[in-house]
Amino acid sequence: DGGITQSPKYLFRKEGQNVTLSCEQNLNHDAMYWYRQDPGQGLRLIYYSQIVNDFQKGDIAEGYSVSREKKESFPLTVTSAQKNPTAFYLCASSDPTGTEQFFGPGTRLTVL
Amino acid sequence: GEDVEQSLFLSVREGDSSVINCTYTDSSSTYLYWYKQEPGAGLQLLTYIFSNMDMKQDQRLTVLLNKKDKHLSLRIADTQTGDSAIYFCAESIPRNAGNMLTFGGGTRLMVKP
Chain E
1 DGGITQSPKY LFRKEGQNVT LSCEQNLNHD AMYWYRQDPG QGLRLIYYSQ
51 IVNDFQKGDI AEGYSVSREK KESFPLTVTS AQKNPTAFYL CASSDPTGTE
101 QFFGPGTRLT VL
Chain Z
113 GEDVEQSLFL SVREGDSSVI NCTYTDSSST YLYWYKQEPG AGLQLLTYIF
163 SNMDMKQDQR LTVLLNKKDK HLSLRIADTQ TGDSAIYFCA ESIPRNAGNM
213 LTFGGGTRLM VKP
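Just so you know, the sequences run in chain order E and Z.
Residues in the first sequence are numbered from 1 upward in steps of one, following the working numbering.
Residues in the second sequence are numbered from 113 upward in steps of one, following the working numbering.
Treat the hints as calculated values from the structure; they're not laboratory data.
Owing to the predicted nature of the structure, the values given are computational and were not obtained by experimental measurement.
Note that the Cβ used here is the ideal one computed from N, Cα and C, for glycine as well.
Each hint should be verified, as a subset may be incorrect.
[Stated by the list, open to error] Facing chain E, from chain Z, some residues (calculated, C-beta under 10 Å):
#, residue
1, Q118
2, L120
3, T142
4, A153
5, L155
6, A189
7, A197
8, M212
9, F215
10, G218
11, R220
[Stated by the list, open to error] Under 7 Å between C-beta atoms, here's a sample of chain Z residues computed to sit facing chain E:
#, residue
12, P151
13, G154
14, G210
15, N211
16, G216
Take these sequences, add in the hints, and give me the full structure.
The structure is reproduced here in structure tokens:
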């Protein structure tokens, strides 16, 4: 089955710890994206990558980092510099034009 | 600037039609989208419309676009309880070599039996 997987579904971390969220896709998409969703709000773009070994900051990149060493994988690290990291994180992928973005099931991060 | 607005909540009875509305501000939008999100899940792409179209119909879904007023709507015919979810409107803006999505805050649709 083609799709996007995110793991884990729920993640708990102590304040001050870095944490890495996984995103994998087997859709052969060049472009991948990370969004953050807060309760009752829409999605905000954290980082995006249009091709392997390249990525760009989105609208709320501060306190986050990414890598894109493989086409299939786009991990997101939430660093201790992120002031309010508790949120629902969604990964997406698309063809290079970005016309249709397909989303993974999300990871809910709670920082205690 | 980019801004997409939606009403927060809509309640309908099963079998009725639902109409979810959205307004956007960026006239350079290339596509406009409707996504559905069920509790605790990711977003499911329902449908999208190219910005030079007025209407698109896909089974029970009808999308209407008024580009002059920057108004987008999603009509769901014969609404079912399984349609209860949050619906997000999004516009696609050219950025670098691709298109980036800007999302509205979502409309929670509740379908009463």
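Okay, the hints, checked on the actual structure:
With 10 Å as the threshold, the beta carbon of Z:Q118 comes within range of chain E, its nearest partner Cβ sitting at about 8 Å, so the hint holds. Interface hint status for Z:L120: upheld, as the beta-carbon distance to the closest one in chain E is roughly 8 Å, under 10 Å. A least Cβ separation of about 8 Å between Z:T142 and chain E falls short of the 10 Å threshold, and the interface hint therefore holds. Checking Z:A153 against chain E by beta carbon gives a least distance of about 6 Å; that is within 10 Å, so the hint holds.
For Z:L155, the interface hint holds, since its Cβ comes within 10 Å of a Cβ in chain E; the closest pair sits about 4 Å apart. With a least beta-carbon distance of about 23 Å to chain E, the hint placing Z:A189 at the interface is violated under the 10 Å criterion. Because the smallest distance between the Cβ of Z:A197 and any Cβ of chain E comes to about 14 Å, over 10 Å, the interface hint for this residue is violated. Restraint check, Z:M212 versus chain E: the minimum CB separation of about 6 Å is within 10 Å; hint holds.
The closest approach between the C-beta of Z:F215 and any C-beta of chain E is roughly 4 Å, which is under the 10 Å cut-off, so the hint is satisfied. Against a cut-off of 10 Å between C-beta atoms, the interface hint on Z:G218 holds, since the closest Cβ of chain E lies about 6 Å away. Using the Cβ-Cβ criterion of 10 Å, the hint placing Z:R220 at the interface with chain E is satisfied: the shortest such distance is roughly 9 Å. The restraint placing Z:P151 at the interface with chain E is violated, with a minimum CB-CB distance near 11 Å, outside the 7 Å limit.
Given hint, Z:G154 at the interface with chain E, holds; its Cβ is 4 Å from that chain's nearest Cβ, closer than 7 Å. Taking 7 Å as the C-beta contact cut-off toward chain E, the hint placing Z:G210 at the interface holds, the least distance being around 4 Å. Taken as an interface hint, Z:N211 checks out: its beta carbon lies about 4 Å from the nearest beta carbon of chain E, inside 7 Å. Interface restraint check for Z:G216: the shortest CB-CB distance to chain E comes to about 5 Å, inside 7 Å, so the restraint holds.
Consistency with the previously given hints fails for numbers 6, 7 and 12, ordered from lowest to highest.
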